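Build the full structure now, drawing on both the sequences and the hints.
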Amino acid sequence: MPTFSKLEIARSQLETAVEILLNRQCLSAVITLAGASSTILDELVRREKKETFLDYSIRIREATSGKTPKKQSYKHHIEKLLGVIAHKHMAITDSDHIELDLERMAADVTTAAVCDYIKLNGQSETFIKAFLAWRWATTPNASEIMKQFEKVPHKLQPR
Amino acid sequence: MTSKVYSRFEIAVTQLEAAIGLYVSNRDKFSVITLAGAANTIFCGLLIKSGKETFTDSLFKERSEKYEGQLSPEEFRSSINNLLGINHLKHLDPDQPDSFEMEPNESALATLLMALTNYVSIPEHDQQLFHIFKVWAQINLDKTKYNVNLDPNWVRPEPN
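Taken in order, these protein sequences are the chains called A and B. Here the first sequence is numbered in my numbering, starting from 6 and rising by one per residue. Here the second sequence is numbered in my numbering, starting from 20 and rising by one per residue.
It should be emphasised that the hints constitute simulated quantities derived from the structure, not laboratory data. Incorrect hints may have been included.
DSS-like cross-link-like pairs, simulated, lysine-lysine; straight-line CA separation at most 30 angstroms [to be verified]:
#1 Lys76/A <-> Lys55/A
#2 Lys68/B <-> Lys85/A
#3 Lys54/A <-> Lys124/A
#4 Lys134/A <-> Lys72/A
#5 Lys85/A <-> Lys23/B
#6 Lys153/B <-> Lys68/B
#7 Lys72/A <-> Lys55/A
#8 Lys80/A <-> Lys23/B
#9 Lys75/A <-> Lys156/A
#10 Lys54/A <-> Lys75/A
#11 Lys68/B <-> Lys80/A
#12 Lys72/A <-> Lys152/A
#13 Lys85/A <-> Lys71/B
#14 Lys134/A <-> Lys75/A
#15 Lys80/A <-> Lys134/A
This structure is a prediction, so every number in the text was calculated from the model and none was measured.
Given below as structure tokens:
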């Protein structure tokens, strides 16, 4: 039976997610694929002793609220916020309908996965360049956001 | 960007359609398994909620004598997901190795068929989607390997 590395799998899922997103096809598929990829990439980045997207989010939360959220509960919170949970779970107590902003969620969950992917493989691959260019072009006031980001204190910058 | 209300069924169907689209165009099989697996989880949730049996539960019942005292229905469900690689494609725990063995083509087809079986058990399903995949399978899949005509008496031919 063939052997596959988890990085290879996460990369395939992410590349497919980016392609579907940029072709404006099924946003639910983008959320599920980028969400699955993100979970694998998080652990791979951790194994490289680098800061993951999740850890950075926790650090920001800590700095802005003074409270340190628990990793697992914050992961669940982010996955819920990004629509990942709604796309892969259905509990008996869940209602049959749910309100979602699929466009925002698909763009955001892909961004989270791409952040971790770049930590491992850089940003030279075509699908990563394409996503970054798309994100820049579709984010209102992108230049202004980056100007604001540059003013963020060094301790709050990603590591 | 605006929020809209979606039915869980609708969310699952779009994922299943995307999985079928990727599979029939011979694209990334890991993505097919991930999408069909996610759709299947929602279909199962909807079936359980409405008091109906899922495909895995009926399979467990069929083989209950074999598994009695060894596996619970939940463990059986989880073992099927592990066998198909569904869990491996969305998890990586700190104690797990960073590679694993699987047959993506076989797993993708099996996961799609499992999701489709649960999909057609839901009253709101569109028969057309199942029919399209069935016709595609009859034309494209190996008839000596797969029961493409869904014959209940089909027996896999012995290899030469």
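Tested hints:
no.: 1; hint: Lys76/A <-> Lys55/A; result: holds, 16 angstroms
no.: 2; hint: Lys68/B <-> Lys85/A; result: holds, 21 angstroms
no.: 3; hint: Lys54/A <-> Lys124/A; result: holds, 10 angstroms
no.: 4; hint: Lys134/A <-> Lys72/A; result: violated, 35 angstroms
no.: 5; hint: Lys85/A <-> Lys23/B; result: holds, 16 angstroms
no.: 6; hint: Lys153/B <-> Lys68/B; result: holds, 28 angstroms
no.: 7; hint: Lys72/A <-> Lys55/A; result: holds, 22 angstroms
no.: 8; hint: Lys80/A <-> Lys23/B; result: holds, 24 angstroms
no.: 9; hint: Lys75/A <-> Lys156/A; result: holds, 28 angstroms
no.: 10; hint: Lys54/A <-> Lys75/A; result: holds, 19 angstroms
no.: 11; hint: Lys68/B <-> Lys80/A; result: holds, 27 angstroms
no.: 12; hint: Lys72/A <-> Lys152/A; result: holds, 27 angstroms
no.: 13; hint: Lys85/A <-> Lys71/B; result: holds, 27 angstroms
no.: 14; hint: Lys134/A <-> Lys75/A; result: violated, 33 angstroms
no.: 15; hint: Lys80/A <-> Lys134/A; result: holds, 27 angstroms
Going down the numbered hints, you'll see the structure goes against 4 and 14, while the others check out.
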